[in-house]
Amino acid sequence: MVRFLPDVPQVVATIAGARVVECAEVRRQVDEFETFVAQAWPRLLRSAWLLTGDWHRAEDLVQTVLARAYGRWSRLANSNPEAYLRAMLATTYLSWWRRRWRGEIPYERLPEHAAGDEHRGVELRHTLAEALLRLPARQRAVLVLRFHGDLTEAATAQALGLSVGTVKSYTSRALATLRADERLRDLLSEEARS
Amino acid sequence: MTERELNGLLDEAVPPIPAEFADAPYPSIRRRARRRRTVSAAVACGALAVAVGVVVAGIATTPWNGAAPLPPVAPASSSGAMAPPPSIFVYVARVDRAGTGLTLYVNPDTVKCHTYANLTPVLEEHLDRVVVTFTGADTKTSCDQLRPAVLHATLAAPLGDRELLDGAVNDAPPAAANSTIRPFFDADLPVLPSAWQEMPTGVDGELDGSWFIVVYQDASTHREIRIDAWTQKQPYPADAGEVTLGSRTGSLFAIGQTVGVRWQAGDLSYELKPIPGEGDDATLDNVRALIDEFTWP
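From first to last, the protein sequence lines are chains S and U.
Counting from 1, position 30 in the first sequence corresponds to residue 30 in our numbering; the numbering is continuous, with no gaps.
Counting from 1, position 170 in the second sequence corresponds to residue 170 in our numbering; the numbering is continuous, with no gaps.
These are calculated hints, taken from the structure and not from any lab test.
Nothing here was measured: the structure is a model prediction, and the numbers come from that model.
Don't take each hint at face value.
To give an idea of the chain U side of the interface with chain S (calculated C-beta under 7 Å), a few residues [said to hold, decoys possible]: (1) 7; (2) 9; (3) 28.
Ideal Cβ placement from N, Cα and C applies to all residues, glycine included.
In isolation and in its complexed conformation, chain U is listed as follows (with noise of 0.2 Å):
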């Protein structure tokens, strides 16, 4: 196979494109830009802005569907009387097992460099819904060293099934479905034993609010998983049997030297790998070993 060979063959390696994606998603792709704020020229232009999707600033305090609020929770510190940024994003909240703890990761301002670390969450409790929204100011910072922020807001009860919504887009009734953050529950996963740890996960740029991950390493042992949260049904096929994970079901996979177990929560999906050290495979039998380990809602 020659590299002019190769130049044809490419194109013919890929199947033909399914029906479900021949179109441009322009609403997704605005929606995603909006998120970004990246827009810089519509935002000077409020009337053509909310033409091509991009809301400007517009952080709700106003509930709607006639449902009264709780009192907003008192921020933990409050940063004082600064204005808020125009418009911030929560591009993925993590409820912690108590059903009350939310860490909120905020994506930071790629086009000024700034980051969001120092704003405070507040929290507009309703029965149907939670709304966040911030106080505080943005922080420019080296565009070399941009990180989602990692806020920390308590709930006065736990969150259970009510809505978490996005005050940043939630200016008008009713609420949009992109506007509905989707939490990933600490409850779905394993509880580890103590000597399990969870480490930093050093995320770089943005998240899309997809998907989420926590790594755990055995401060004793030193072996580290990691385990994947997706908002989407993952396709991939399991291959390797299946296990009980408490009140759940698990796949096990062996693909490649990829090996591990997923599981489904509701409509999130989860994965949970051993990271092999270096030199190292994992395999099957680490897997069960683990999940043997480890305890299973």
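Extracted from the complex, chain S is given alone in its bound form (with noise of 0.2 Å):
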């Protein structure tokens, strides 16, 4: 249809017939972004918590991209989207990092302290994410796509805008942080003896 465009006596019909397909073809792309959103939301949720360390900025990061898929997600759908989205989740966090316009503030602790919360693993669970949160944040970017978005170097690279070599440095120096954190070691030896 699209091929008689130029033809002005056709085009009213033919754009008219064109709408009715991209109305089906848009309602079928909405289903499907909210589909893919109500699966992928608790785990992107998840991702972007750890590089903010705060569920309200979580959820902002997670929407300021969902928003932009949205748009994209024609293109995005055939793809792997949930691997895009994470790499977006990494990338618009530095972004914002970088013009400091989130105001971002180093944690000595987390607002989320779980009092009353009896798992075994709470300590833990909470030194690690204070250790994490006192990482760089490109370190801690590199981490999260690389350790739980499940990147490769490679693609962590790419998303980055780092080279592989980069991403390798910081993977190290975050892990050697990491490993340097006393209290972090000790729960970590206490949860293996156990």
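Build the complex: two chains, separate frames, hints provided.
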């Protein structure tokens, strides 16, 4: 139908026909997008929390990324949208951080302490989370993409606009920092013994 | 700790998702998507666009609520009879100390790589609200240089407590909550000595309307400060004591190497932080000295 567009007498009918097709197509895409979001929301939110350390900011970050993905869904749907969105989470977070618009504040303690939470690993979880949130933003983003998003080194490098060598270097430095955390080390040793 | 161990540990580090965040907020995502104007396929499909919350065009010119409108303020410079863009949205509005000067930040179209830097705001003033629309046309630009357009307009009377509404999404009464532009007020900020000048913030990309920043530099000493403003109260603890800021009480904070002071003005949150020079650290004493140096409302 599109090939008739330059032919003026047929334009109206063609455009009207095309609209019907687009409406059905857009409807399908919206449904598909919402189905995807319903499934991926918790996973994306958890990744965003690892980056931001705060549920409000995590939700803000995921919403920002999903709003961008909404308009590109026809292109994203046929690839691996979740991996793409995880990369977008990291790059959007880093762009906020770079511009310092979000006023990121290093955390001495997390806002959400698990008072009353009797889960055995809760102390480990908090200690690890606090250690992660003290890492430099880029190192944290690399860890989240590599080890929470399961991206390869090459994919992480591509997503963040870094070289593979830099990704390796950030990973190594971040792990060294985490290993040097005495409290975390003690808790991991206890966990291993139990 | 090995890389393999970290794989599982990262997931364990995340606390349980609070109930309030358990479900995806579709309306909010759609609203943001609509503001981004990236649903190009839906834009071509009027009926469905409404169904999915994508409102196209519709720049309001008819007042509602029965209140007689004040005449629209004539733009400072007319761009002629060009048709306005189909719909653009104000993300941040800043009101000057006099209450009449508006600075409006309008995000670029990131799909078409258009900016709105050449638009002219038109203000329709009512007793209870001010509706912002625009005339002019968008401009093609480099996709690498997309910035929010910064547009200026002057109200006939101070904004006061009148609502500021985005005309692009106010084409039907009653005004929807998401069409209200939450303005930031310079009057909430301290008055700085004349040596301090506001610096361009060099905004890249887009704003989302929930926060804003101003940066000042003291030309004589090259000291810099930044003031962040949020439309939501910030949840961070104030752990370094309280301080009087004119008619308000501020909370000093020192978290790691980040120090500053926060205060509330109405439902807006503000935070002032010194920007340390390279190799320097800011201290609470720096913050206290700045507080004393400024005049607070």
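For each hint given before, does the structure comply? Return the numbers of the non-compliant ones in rising order.
Structure breaks no hint.
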